[in-house]
Amino acid sequence: MTDVAVSLRAVSKRFTLRHEGQSTLRDFVLRGFRNPRTREAFWAVRDVDLEIPRGVPYGIIGANGSGKSTLLKLIAGILRPTTGTVRTRGRVAALLELGAGFHPDLSGRENIHLNGSLLGMDRRSIARQLESIVAFAELERFVDMPLRHFSSGMTVRLGFAIAIHAQPDILIADEVLSVGDESFQRRCIDWVHQYVADGHSLILVSHSLSLIEAVCRQAIWMRGGRVAASGDAAAVIDRYHRSSLPQGEGGDSAGPRRWGTGEAVITSVRPIDDEGETIEHAVTGESLRIRIGYLASRRVESPQFGLALHASDGTHLAGPNSDLCNAPIAEIDGVGSVDVVFPRLPLLAGLYRLTVAIYDRHATVAYDHHDRAYELRVENGAIREIYGSVWLGAMWEHRPARRRVQSHPMRTAPSSGS
Amino acid sequence: MSLLLDALDTQLRARAPLIAPVSDLWRSRELLRSFVARDLKARYRNSTLGFLWSFGNPLLLTVVFTIVFTTLLPQNVPNYHVFVLIGLVTWNWFAATVSGGVHSVTGASHLIRKVAFTRETLPVSLVLSSGVHMVLAFIPVLLIAVGSGVRPSGLLLLFPLVVAIQAVFLSGVALLLACANVYFRDIESIVDVALLACFFLTPVFYAVESLTTENTRLMYILNPMASFISTYRLLIYHDAPPAPEFILRMAVQSLLMFAIGLAVFRWRSGDLAEVV
Numbered sequence: 000m001t002d003v004a005v006s007l008r009a010v011s012k013r014f015t016l017r018h019e020g021q022s023t024l025r026d027f028v029l030r031g032f033r034n035p036r037t038r039e040a041f042w043a044v045r046d047v048d049l050e051i052p053r054g055v056p057y058g059i060i061g062a063n064g065s066g067k068s069t070l071l072k073l074i075a076g077i078l079r080p081t082t083g084t085v086r087t088r089g090r091v092a093a094l095l096e097l098g099a100g101f102h103p104d105l106s107g108r109e110n111i112h113l114n115g116s117l118l119g120m121d122r123r124s125i126a127r128q129l130e131s132i133v134a135f136a137e138l139e140r141f142v143d144m145p146l147r148h149f150s151s152g153m154t155v156r157l158g159f160a161i162a163i164h165a166q167p168d169i170l171i172a173d174e175v176l177s178v179g180d181e182s183f184q185r186r187c188i189d190w191v192h193q194y195v196a197d198g199h200s201l202i203l204v205s206h207s208l209s210l211i212e213a214v215c216r217q218a219i220w221m222r223g224g225r226v227a228a229s230g231d232a233a234a235v236i237d238r239y240h241r242s243s244l245p246q247g248e249g250g251d252s253a254g255p256r257r258w259g260t261g262e263a264v265i266t267s268v269r270p271i272d273d274e275g276e277t278i279e280h281a282v283t284g285e286s287l288r289i290r291i292g293y294l295a296s297r298r299v300e301s302p303q304f305g306l307a308l309h310a311s312d313g314t315h316l317a318g319p320n321s322d323l324c325n326a327p328i329a330e331i332d333g334v335g336s337v338d339v340v341f342p343r344l345p346l347l348a349g350l351y352r353l354t355v356a357i358y359d360r361h362a363t364v365a366y367d368h369h370d371r372a373y374e375l376r377v378e379n380g381a382i383r384e385i386y387g388s389v390w391l392g393a394m395w396e397h398r399p400a401r402r403r404v405q406s407h408p409m410r411t412a413p414s415s416g417s
Numbered sequence: 000m001s002l003l004l005d006a007l008d009t010q011l012r013a014r015a016p017l018i019a020p021v022s023d024l025w026r027s028r029e030l031l032r033s034f035v036a037r038d039l040k041a042r043y044r045n046s047t048l049g050f051l052w053s054f055g056n057p058l059l060l061t062v063v064f065t066i067v068f069t070t071l072l073p074q075n076v077p078n079y080h081v082f083v084l085i086g087l088v089t090w091n092w093f094a095a096t097v098s099g100g101v102h103s104v105t106g107a108s109h110l111i112r113k114v115a116f117t118r119e120t121l122p123v124s125l126v127l128s129s130g131v132h133m134v135l136a137f138i139p140v141l142l143i144a145v146g147s148g149v150r151p152s153g154l155l156l157l158f159p160l161v162v163a164i165q166a167v168f169l170s171g172v173a174l175l176l177a178c179a180n181v182y183f184r185d186i187e188s189i190v191d192v193a194l195l196a197c198f199f200l201t202p203v204f205y206a207v208e209s210l211t212t213e214n215t216r217l218m219y220i221l222n223p224m225a226s227f228i229s230t231y232r233l234l235i236y237h238d239a240p241p242a243p244e245f246i247l248r249m250a251v252q253s254l255l256m257f258a259i260g261l262a263v264f265r266w267r268s269g270d271l272a273e274v275v
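Chain order of the listed sequences is A and B. With numbering that gives the first Met the number 0, the residue at position 334 of the first sequence is 333, and numbering never jumps. With numbering that gives the first Met the number 0, the residue at position 35 of the second sequence is 34, and numbering never jumps.
These are computed hints drawn from the structure, not numbers from a lab. Any given hint could turn out to be false.
To be verified - Distance ranges between label pairs, derived from CB positions: (1) A:Ala-326 x B:Val-263: 35 to 43 Å; (2) B:Val-263 x A:Val-3: 34 to 42 Å; (3) A:Ile-271 x B:Arg-26: 39 to 47 Å; (4) B:Leu-17 x A:Met-144: 40 to 48 Å.
No residue lacks a Cβ here, since even glycine has one placed at the ideal position from N, Cα and C.
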């Protein structure tokens, strides 16, 4: 029998959704121990049995809201299972976010100490590895600067470098292997291969199936909190692929899929003009406003509205959401609408599919998710570009030599001088 | 050896409910150190006057209280400014613990949702870093005391012991408040008023001895802060040794508070990642 790094036995996790927001002492005093507030149980993970052998890179895949992240947090020990047992052997480091706890006023060096000790490193091993961490992150010249002057790329590189130097026996990573520029990613992947070759365990959650396929040997596919398939990574990914095609799901016939708990539902999605009239198509480089109508049967605090743009071949092009766009929505109740505005639509002519969704404040529970359910047709306007699918607003500058070479036999470019 | 310790640890964890959190805290001492270092560095870096802030506030209040209680309502306490300064500096540690402790978990919700670590370190590190402020603030207090003719003696060697006992007590308070505020968010809004009330119910600007014997007893039993302030005053201002049983009772009270805080915190700490 192989050595088991992580074992889950009949693990379930129930969340209680509170519809009236935060509890207060006042409520408690007024209402006493009986709790008449509406509560709804929601099983994020249900009856999961899982054994991850030591030294086998393991992937977790599934749609948003399928319980992947909850599963990861259960393994990491951040959440406790409602029922069942989670056992891990060895030191676990969870990278759900790089550089957790970084303080902007402290220098890179001081933040290495802070973040390192959060990951369970002791002072001596941090001091011993400090140079190596800094070198991996390529921050030699900046390590004594306050973190607030770091670019976001530098910050995630530092976070990643610290995490891998914590030398955990089990590394749990949620979408963090795709940080930094290409050469840094290359080194991350190289490091992961070496780490796995040394007999450590890696558990990886990613939306990038190609990454999972490249790194992981085994995988599990989560759907609706349950294990839909597990085993050989390529086989699991293949099954997942086939099921996410419109016909594969087998449930409510073919066509777009929709799911969610239904506290708030999307009632309409339409591109509109300045007068609020529905428009037939959008125009590259011009402003586009999409109005999302909703109906909230209860008051929902801090919902996140999301929109995803897919090319006609299914490629996910972008996914702006109200939280990440720094446009938090305090609450919704009853009927209303939310507009998402693209000041200069960067899509070239073509047919695109839109996913529109309303999630809870943590973007984990879908109230209503319409997967690739809407079409958006974009047409050429003043912009004449036709190649590819995005318009980057590129500019061309010709910088001719100052002195014209007199003896040159040919004049090629029309000269702007004289 | 470490195997033996691990086995012992497992045994004890199963038997005595408070062993586990204490041992977790001990194992997280590096993290505690880092948190304290972060708090101190961030505070003293942001303002070159950082230290003056720790001390300026009690100094200002001392001036006010000295004017009130030596000229307006004479109290007949010699060197009243030294007397009240000791009370205020000690009180400030408590006030910082209460007002900061309330936010120590809710303010770190980001960390709690993303990282598995011993959550008790959040309120405890706050107590320790504000404890460093208090100890630093005692340096000018001593200088002022000496300058005013008060002559502290070798009894000052007991000072660290009292600080340690107070840290234990305040950790209990911070753990309890940090946890309570997660479940009842309005606690943070009543804390200021509660602190003000406690300020008057604590012998900060008056002497416990000025109360009746019965009330003095009651004060010491119900208000551990009274004991700490009295002890610091004994050591610095009165230069008299505190009774061993007084210190012992203070220690027992503090351990009890710590045990309650830790037990409540541990009881709920499994849910924190979902609730904050």
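Distance restraint evaluation - Ala-326 of chain A, Val-263 of chain B, Cβ atoms, bounds 35 to 43 Å:
holds, 38 Å
Assessment of proposed distance window 39 to 47 Å (beta carbons of Ile-271 of chain A, Arg-26 of chain B):
Violated - the Cβ-Cβ distance for Ile-271 of chain A and Arg-26 of chain B, about 58 Å, lies outside 39 to 47 Å.
C-beta pair Val-263 of chain B, Val-3 of chain A: status relative to the range 34 to 42 Å that was hinted
Because 35 Å falls inside the window, the suggested range holds.
Is it true that Leu-17 of chain B and Met-144 of chain A lie within 40 to 48 Å of each other by Cβ?
Taking Cβ atoms as reference, Leu-17 of chain B and Met-144 of chain A lie about 43 Å apart, which means the hint holds.
Hint violations for this structure: number 3 only, all remaining hints satisfied.
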